[in-house]
Structure formats: structure tokens, C-alpha cells
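J.: Sequence:
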Amino acid sequence: MTGQDIGQQCITIYEYLVHNYTYPSHEIWLFGLSRGAYLARAVAGMINNCGIVRPLRIPGTGEIDMAQTRLLCETVYNLYRSPYASNAPHAPQSLRFRQTKSWPLIGDEDPQDAAAPRFHPPIRFMGLLDTVGSLGIPEYTGGVGLDWPVFYDQHVSTVVANVHHAVSLHDRLFIFQPCLVSRDLARHCERDWDRFGVTRQEWLPGCHYDLGRQRFRFLREFGGGWLESLLASRWFGFASKVIEPNHVLADLALRWMLLAIRAHSTAPNYQVILNIDRVIEDVTESIHGRAWEPGRTGDGDVYGHILSYAPFGSFILDVVRTLRGTRGKVSALYQLFFDLRDRLIPDDDAVVYDFYGFDEDIPGCVGDLARVSERRYPSRSYVKWRLRQ
1 MTGQDIGQQC ITIYEYLVHN YTYPSHEIWL FGLSRGAYLA RAVAGMINNC
51 GIVRPLRIPG TGEIDMAQTR LLCETVYNLY RSPYASNAPH APQSLRFRQT
101 KSWPLIGDED PQDAAAPRFH PPIRFMGLLD TVGSLGIPEY TGGVGLDWPV
151 FYDQHVSTVV ANVHHAVSLH DRLFIFQPCL VSRDLARHCE RDWDRFGVTR
201 QEWLPGCHYD LGRQRFRFLR EFGGGWLESL LASRWFGFAS KVIEPNHVLA
251 DLALRWMLLA IRAHSTAPNY QVILNIDRVI EDVTESIHGR AWEPGRTGDG
301 DVYGHILSYA PFGSFILDVV RTLRGTRGKV SALYQLFFDL RDRLIPDDDA
351 VVYDFYGFDE DIPGCVGDLA RVSERRYPSR SYVKWRLRQ
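Numbering (full-length UniProt numbering), first residue to last: 1 to 389.
Among the hints, a few may not be true.
Pair ranges (Cβ atoms, derived) [as the list claims (entries may be wrong)]:
#, residue 1, residue 2, range
1, G357, Q93, 50 to 60 Å
2, W292, E74, 48 to 58 Å
3, T266, G304, 24 to 34 Å
Hints were generated in silico from the structure; no laboratory data involved. By construction, the Cβ of each residue, glycine as well, lies at the ideal position given by its N, Cα and C atoms.
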């Protein structure tokens with residue numbers, strides 16, 4: 001997924017909201033995994049910047065002008081990505097845009113009217129699993145290098161009432177650096193929002209692909225395409241081994257998210273997930289069940305020996321290097337993508353799941369059930385954080 005793909009998907013998601021949202025009748029629930037989490041946060045940023053615009057109508061008919069509405073959604077993305085101060089969320093120009101083009105947005109109340117009712121946040125809940133892209137989502141541009149379409153504001157704004165973010169504790173791939181959630185506390189206190197919503201971020205055991213239960217092939221050094229297609233073909237399918245996630249840790253992350261959803265599903269007339277209590281019970285039981293199924297605790301951290309997951313990996317790598325004239329040298333792009341380093345848990349008071357301890361709600365020790373050992377998961381992030389306590 002490139003930076004250009006990210007932009008188009010942001011616009012498509014935002015356009016869907018434009019065609020389906022009305023205030024105050026609707027509330028939005030956003031979910032995302034990995035780059036999908038990045039997408040969810042970017043769309044929330046678009047809403048914070050420009051609100052949710054009303055669809056444009058064809059004069060005299062009342063029908064939605066699909067082309068012009070799409071163009072307006074593209075404009076919203078351009079404004080969100082703009083580095084200019086005049087396009088910042090709290091700039092007068094942005095406020096004027098929201099007041100004329102969009103549904104009412106929290107924070108845009110009349111500051112001169114103390115009795116004015118506070119607008120509700122349009123996003124009731126944002127559930128994220130390991131947002132990657134603290135540098136942005138990389139796009140390789142020929143002749144230029146890597147382009148990183150970063151968040152211009154790392155904070156989760158007040159357009160999101162509640163945010164829950166599960167972060168991978170054991171991932172070591174540099175390109176998967178996490179983009180952590182935070183609130184602008186100064187801004188919140190200024191507007192008496194210091195008790196606004198819930199912001200919970202917890203570090204859970206496992207690699208990035210464990211939390212999301214992602215099975216995939218990793219041989220994409222040269223952009224996938226013809227090489228990946230060749231290895232996945234019927235003739236060479238055996239030459240590309242699939243990386244298996246740890247299903248015990250995936251169930252732990254899923255259970256964590258389901259509990260968060262249940263905590264905020266308080267509307268009496270609908271359920272976000274039907275029979276969620278039963279779903280949570282099933283997932284909890286599955287944590288134990290999968291621990292005893294062969295192969296269900298996955299491959300662990302494979303980053304240190306990625307090429308071993310393709311029997312032809314080393315041979316093909318040498319061939320492609322020769323064809324490209326690199327003469328045995330590893331490209332800077334390769335070094336960037338496969339550089340390994342422990343993730344830093346920045347806060348001493350961070351919420352970190354104790355996978356070594358006994359969890360009464362499971363019940364059991366997740367570290368034992370999921371076979372989380374130093375050999376299978378070499379990251380020392382948890383130990384380093386504990387040493388600071």
C-alpha cells in the first residue's frame with residue numbers, strides 16, 4: 001500500500017460518511033488494523049480539520065451531485081494534508097469552512113454564549129490495533145526516494161469521544177514503528193474537556209502480525225509484483241513459506257477490543273455487535289483451546305531470519321541483485337525495511353499487559369499459553385521498561 005493508495009482510501013471512507021451521516025442522528029465507530037488504523041486516524045483528522053461536509057445538491061432537483069461531492073471530499077483531504085497555517089483546524093478559514101459546508105462539530109460552539117449546548121463528537125469510538133507509520137506510510141518515488149505522508153497532528157482530537165489502541169510489544173521491524181495515541185491535554189483543559197471521553201492505550205504481547213492474525217508471505221523486497229507472483233504460482237508455490245501468526249495472542253487482542261466495544265455500547269436501541277457477551281466468552285475459551293492445537297501458537301518473531309521462509313530466498317536475492325547491478329551490496333531500501341530494533345515504551349506509567357503473570361479473567365498465564373519465550377520473541381522492550389520502574 002503506497003502513500004497514494006492511502007490518500008484515495010481516506011477520500012473513499014470519508015465520502016461514505018458524507019453520504020450516510022447526519023447530525024445528531026448518527027454516531028461513527030471506526031476500526032483499523034495496521035495501516036487500516038492509520039487510515040482510521042487520518043479520516044478522524046480530516047473530520048477534525050473540515051468536519052463532515054454535507055453532500056452537494058444539483059440546483060433545482062435536490063438530487064446529490066455525485067461528481068461535485070466527490071471533488072469536495074478530495075478538497076477536504078487536500079486541506080487536511082496542507083502544511084499551511086491558514087488550513088490548520090483552528091484557523092479562522094477552517095472554522096468558516098466548517099460552518100458553511102459541514103454538519104455541526106464539537107469545538108465550534110459560539111465562545112461568546114456560555115449557555116450554548118456543546119456539540120457531540122461525531123466519532124463515538126475508535127478501536128485501533130497497532131497503528132504503524134510513526135513516520136507516515138512510506139511511498140517509494142523514483143528519482144526522489146521515500147515519501148512519508150505523515151500525520152500533521154499526532155494527537156487524537158475531540159471529534160473522537162473514545163479511543164482504544166492495542167500496541168504490539170514484541171515487534172522489532174523498524175518500518176513498523178508504532179504511532180501512539182495521545183490527547184492534547186492543554187487544548188482539552190482550555191475548553192474544560194479534561195474529563196472528555198476515554199483514551200486507553202495498552203501494550204499487548206506479540207508481533208505486529210500476531211495482534212492482527214495476519215498470515216502472509218514476506219518476500220517483497222523488490223515491491224512484490226512479478227517476483228511475488230512467480231513464487232506464489234503453482235510451479236514455485238513451495239518456494240515461499242507462509243508466516244503463521246500466534247492465534248492465542250490474536251485472540252487476546254480481539255478479546256481486549258471486544259471488552260472496549262462493550263463498555264461503550266450503551267445505546268438502548270441497538271448493539272454494535274449482537275450478543276457480544278457470548279462472543280467474548282467464546283473468544284476467551286478459544287485462548288485456551290488454540291494453545292493446545294498444533295501450530296496455532298504461530299512462528300513467533302521471524303524477522304531475524306526472514307529469508308528462511310523462502311527456500312529460494314537467498315538464491316533469488318543474489319540473482320536480482322546481479323540483474324540490477326548492485327554487485328552483492330544490500331540496497332539502502334532493503335536495510336531500511338529489514339532493520340531490527342526494539343520498540344520503546346516511552347511512558348513509565350504506560351499500560352503494559354503482564355503476560356508473565358496469571359490473568360484471572362482468562363484464566364491462565366498468556367505467556368505460557370502462547371509460548372512467549374525469549375527464543376521465540378527476542379524483543380527486550382518489556383524487560384527494558386520494567387528496569388525503569
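J.: For each hint, tell me whether it holds in the structure or not.
T.: Here is how each hint holds up against the structure:
1. G357 to Q93: 50 to 60 Å: holds (52 Å)
2. W292 to E74: 48 to 58 Å: Check passed, 51 Å falls within 48 to 58 Å.
3. T266 to G304: 24 to 34 Å: Given range 24 to 34 Å: violated, Cβ gap about 45 Å.
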